[in-house]
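Chains as they are written, first to last, in the working numbering: chain A, 25 to 263; chain B, 59 to 346; chain C, 518 to 840.
It is worth saying that the hints were derived from the structure and are not from the lab. Just so you know, these numbers come straight off a predicted model, no measurement behind them. It cannot be assumed that every hint is accurate.
Simulated pairs of lysine-lysine, DSS-like, Cα-Cα distance not exceeding 25 angstroms [what the hints assert, rightly or not]:
#1 B/Lys237 / A/Lys157
#2 A/Lys138 / B/Lys237
#3 A/Lys207 / A/Lys228
#4 A/Lys162 / B/Lys183
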Amino acid sequence: MAQETLLKVSNIDVFHGSFQALWDVSLVVKRGEIVALIGANASGKSTLLNTISGLLHPAKGSIEFEGKNISVLDPFQIVTIGISQIPEGRRVFPTMTVLDNLIIGSYNRKARAKKEQNLKMVYELFPILKERKNQLAKTLSGGEQQMLALGRGLMSDPKLLLLDEMSLGLAPIVLNDLYKALKEIRERGITILFVEQNVRRSLKEADRAYIMEVGRVVLSGDVAELREEEEVKKAYFGV
Amino acid sequence: MEVLAGLTTPIVFGILLGGLYTLIALGLSLVFGVMKVINVAHGDLVIFGSYLAFAAMTMLGIDPILSLVMGMPLLFVIGFGVQRFLLNRAFAVSLDAALLVCFGLSIIFQNFCQIIWTPFSRSLKPPYALESFSVGVVNIPLVYLLDLVTALVVMLLLREFLRRTYLGKAINAASQDTKAALLMGINTGRVYAFAFAIAMAFAAIAGVFLGLTYPFTPTSGVAFLIIAFGVVIVGGLGSMLGTLIGGMVFGLAQTLGGYFLGAVAQMFVAYILVFVILAVRPQGIFGR
Amino acid sequence: MRVTIPGLRGGLIPFAAVVVVLAVLPVLGMPREWLLYLFLFFIYLAMANMWNLLAGYSGLICLCPAAFVGVAGYTVAIGTWVGLPFYLGIIAGAIAAVAFALLISFPVFRLRGIYFAIGTLVLPEVLKAWFLLWRPVGGVMVGRGAGYAVKGVQGVSLTEWYWVALVIGIASIFLMRIILSSKLGLGLAAIRDNDDTAASSGIDVFRLKLYSFVIAAFIMGMAGAIFYSYGGYIEPVGAFSIRWLLIALLATVIGGEGIKEGPIIGTAIVVILHFLLARYTGISLLIQGALLIIIMLLVPQGIVGYIQKTRAYRLLSKLASGR
Numbered sequence: 025m026a027q028e029t030l031l032k033v034s035n036i037d038v039f040h041g042s043f044q045a046l047w048d049v050s051l052v053v054k055r056g057e058i059v060a061l062i063g064a065n066a067s068g069k070s071t072l073l074n075t076i077s078g079l080l081h082p083a084k085g086s087i088e089f090e091g092k093n094i095s096v097l098d099p100f101q102i103v104t105i106g107i108s109q110i111p112e113g114r115r116v117f118p119t120m121t122v123l124d125n126l127i128i129g130s131y132n133r134k135a136r137a138k139k140e141q142n143l144k145m146v147y148e149l150f151p152i153l154k155e156r157k158n159q160l161a162k163t164l165s166g167g168e169q170q171m172l173a174l175g176r177g178l179m180s181d182p183k184l185l186l187l188d189e190m191s192l193g194l195a196p197i198v199l200n201d202l203y204k205a206l207k208e209i210r211e212r213g214i215t216i217l218f219v220e221q222n223v224r225r226s227l228k229e230a231d232r233a234y235i236m237e238v239g240r241v242v243l244s245g246d247v248a249e250l251r252e253e254e255e256v257k258k259a260y261f262g263v
Numbered sequence: 059m060e061v062l063a064g065l066t067t068p069i070v071f072g073i074l075l076g077g078l079y080t081l082i083a084l085g086l087s088l089v090f091g092v093m094k095v096i097n098v099a100h101g102d103l104v105i106f107g108s109y110l111a112f113a114a115m116t117m118l119g120i121d122p123i124l125s126l127v128m129g130m131p132l133l134f135v136i137g138f139g140v141q142r143f144l145l146n147r148a149f150a151v152s153l154d155a156a157l158l159v160c161f162g163l164s165i166i167f168q169n170f171c172q173i174i175w176t177p178f179s180r181s182l183k184p185p186y187a188l189e190s191f192s193v194g195v196v197n198i199p200l201v202y203l204l205d206l207v208t209a210l211v212v213m214l215l216l217r218e219f220l221r222r223t224y225l226g227k228a229i230n231a232a233s234q235d236t237k238a239a240l241l242m243g244i245n246t247g248r249v250y251a252f253a254f255a256i257a258m259a260f261a262a263i264a265g266v267f268l269g270l271t272y273p274f275t276p277t278s279g280v281a282f283l284i285i286a287f288g289v290v291i292v293g294g295l296g297s298m299l300g301t302l303i304g305g306m307v308f309g310l311a312q313t314l315g316g317y318f319l320g321a322v323a324q325m326f327v328a329y330i331l332v333f334v335i336l337a338v339r340p341q342g343i344f345g346r
Numbered sequence: 518m519r520v521t522i523p524g525l526r527g528g529l530i531p532f533a534a535v536v537v538v539l540a541v542l543p544v545l546g547m548p549r550e551w552l553l554y555l556f557l558f559f560i561y562l563a564m565a566n567m568w569n570l571l572a573g574y575s576g577l578i579c580l581c582p583a584a585f586v587g588v589a590g591y592t593v594a595i596g597t598w599v600g601l602p603f604y605l606g607i608i609a610g611a612i613a614a615v616a617f618a619l620l621i622s623f624p625v626f627r628l629r630g631i632y633f634a635i636g637t638l639v640l641p642e643v644l645k646a647w648f649l650l651w652r653p654v655g656g657v658m659v660g661r662g663a664g665y666a667v668k669g670v671q672g673v674s675l676t677e678w679y680w681v682a683l684v685i686g687i688a689s690i691f692l693m694r695i696i697l698s699s700k701l702g703l704g705l706a707a708i709r710d711n712d713d714t715a716a717s718s719g720i721d722v723f724r725l726k727l728y729s730f731v732i733a734a735f736i737m738g739m740a741g742a743i744f745y746s747y748g749g750y751i752e753p754v755g756a757f758s759i760r761w762l763l764i765a766l767l768a769t770v771i772g773g774e775g776i777k778e779g780p781i782i783g784t785a786i787v788v789i790l791h792f793l794l795a796r797y798t799g800i801s802l803l804i805q806g807a808l809l810i811i812i813m814l815l816v817p818q819g820i821v822g823y824i825q826k827t828r829a830y831r832l833l834s835k836l837a838s839g840r
């Protein structure tokens, strides 16, 4: 596996108003990896993703993507340089068709040129979306909506995919398909950073993982090493 | 039978007037849908559009409808600027701040019209404004028919725009879920500015047809704002058909109110209707 | 018995001195025009204080001050036509405004945020349409409109009206302070921090907001009733005009929404503006509209809020409290 650093978050502090949500958080994602960000509710995982996506800006520290500082960019600029976030709760556009949802994913100028090519890839990954392309997004099942959200994110032609709580409210069997899809997405050269509450599952699917607690990274490493520590963590996360 | 025959005229007129109210409401609905703020200056901007056409007609001798070639781009640019330089900043403060900025705009446009064109009542009266034709027992003024036809054409164009273009889809997306739209790489600030600008171009169209249908004064805007708001709540957000039906509900309320209670009660009936709908179903009757 | 006015501890004596000076101004031979502007200042101050109570402390963007003013003004005017002395009419006007507020609270309090704002925006227009048609007493007027003269006010001098306005202006300041340190004020502060948390901790959000709404209706109504009693004539277009809203809103926003002292400074600026631009009505309103936007965008916390944030002010208040 390639070892070139794609994303480097260094010592960031992030505030929601006067409330500090992240404390001195650092994280590295290398090209081609699947990295898990694990933690309980309100541990700051989503805040970290939103900061990478440019929805929030760090008060301290830096975020580098392919060696360039991106911590001051706006969300739409972040998408254009190749970072796409699939938000928690899927957030598909309910009264737009499946196809329109996907097309909106290719809104940034770079992705527009590759629209057909990416659409083909999404349909290969999730054939069901092709079948349902003229249906309104709100008529899809939860799992299908998650596939649509993933597909929509892929349409932006990302180098790095940020996934927030993909498993929320989904049956394990549906989840298996989704994780399989993640592996395929990685095969196509897209790096993945996903946020998850389920420790066991995350450690199974990822290459490396970061564990967060109340706004700080408390543990990180290869999943194999972390699995050894899992016994200790059991009580913590109530797995 | 006699009553029914008498009712035909107000019903036909009400439906046709519904077109005018739909036209006025479209811009308000677009801005409300995308930015979740009621542009309380919308009525005044529509009236400003009426005055622009009035100026074009009296000073340059240009037909009001033709004058839209200038009026629409002008209001489009004003709208874009207002959103980009005023409302976007107000949103950063709060939604209430945006509402109050709109209120300030309302005062400014109202009094601008008052200063330039005096408080006297004006109307747009090109030769065809006086023409009418008969269908059965009903004598229909041409401009009333134009109101409805224009509303249908504009709605159709807006629908195709929202469906077929990237910008249209982005406007649609931003109105459904701003955060998700941001994450899709949509520059929502820019999309808002376009949405507002388009809404203002619609205000220009609505202004011309309002001026052809009714006399207007610089302070007429509030009345039409309230009716347009009523149309938006009846129609719900994101439903074009709903907006058209909402327009007709208010057209009919007005003409039937006038028929049963006398011409002076027309507006009163429409206002009470807005209030009743607000109290009973603020989330709208159609739409999502 | 010792009466303490909350929020005025220590400041009561200078405050009383200012009030006394204001009260004797007419006797000292202040020019009539100045007196008139001070009269307006107190009326507008009462309006602004109440708008501040609603928008700044209760989270209610209430766009219908004109409804309270107009209803109260019409109550006085019509009252004097059926034999009610105008001074009782002023009280009756304020009560009528409260009755109106209670009546409309049923529909409008079902509305939240922006819907509440628009719901209240409709009210003055409905009333204007109604009072243009309705003529309960007296003969039919020539032409449009139901204008009424207020009877029996000819003998009252501007000086006396000035004192009446002074009373309501000062009363509105005291009322604000009392409300803010009362249970109502504490409840409102909790709501302002977080609507849902307040509701779940047993605070009756609806009732507290309704209290503010009714109190504001009373004071605004009384201010309107005094204004139209002084003027001696009321007609629908003026009484239900959007200008009443603009005055209350602008004075509050200029001074600082949600700041006790805000409306005093804001109202002073509005009145000075009215004075300077008195001869150019249209431009005056245009400038006020522009000023509203400028303040909202550049100093959304208002002038008083801005000053309070400056380092000099903090230093001074530190010195004052730590002397």
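Results of checking the hints against the structure:
1. B/Lys237 / A/Lys157: holds, 23 angstroms
2. A/Lys138 / B/Lys237: holds, 24 angstroms
3. A/Lys207 / A/Lys228: holds, 12 angstroms
4. A/Lys162 / B/Lys183: violated, 49 angstroms
Checked against the numbered hints above, the structure violates only hint 4.
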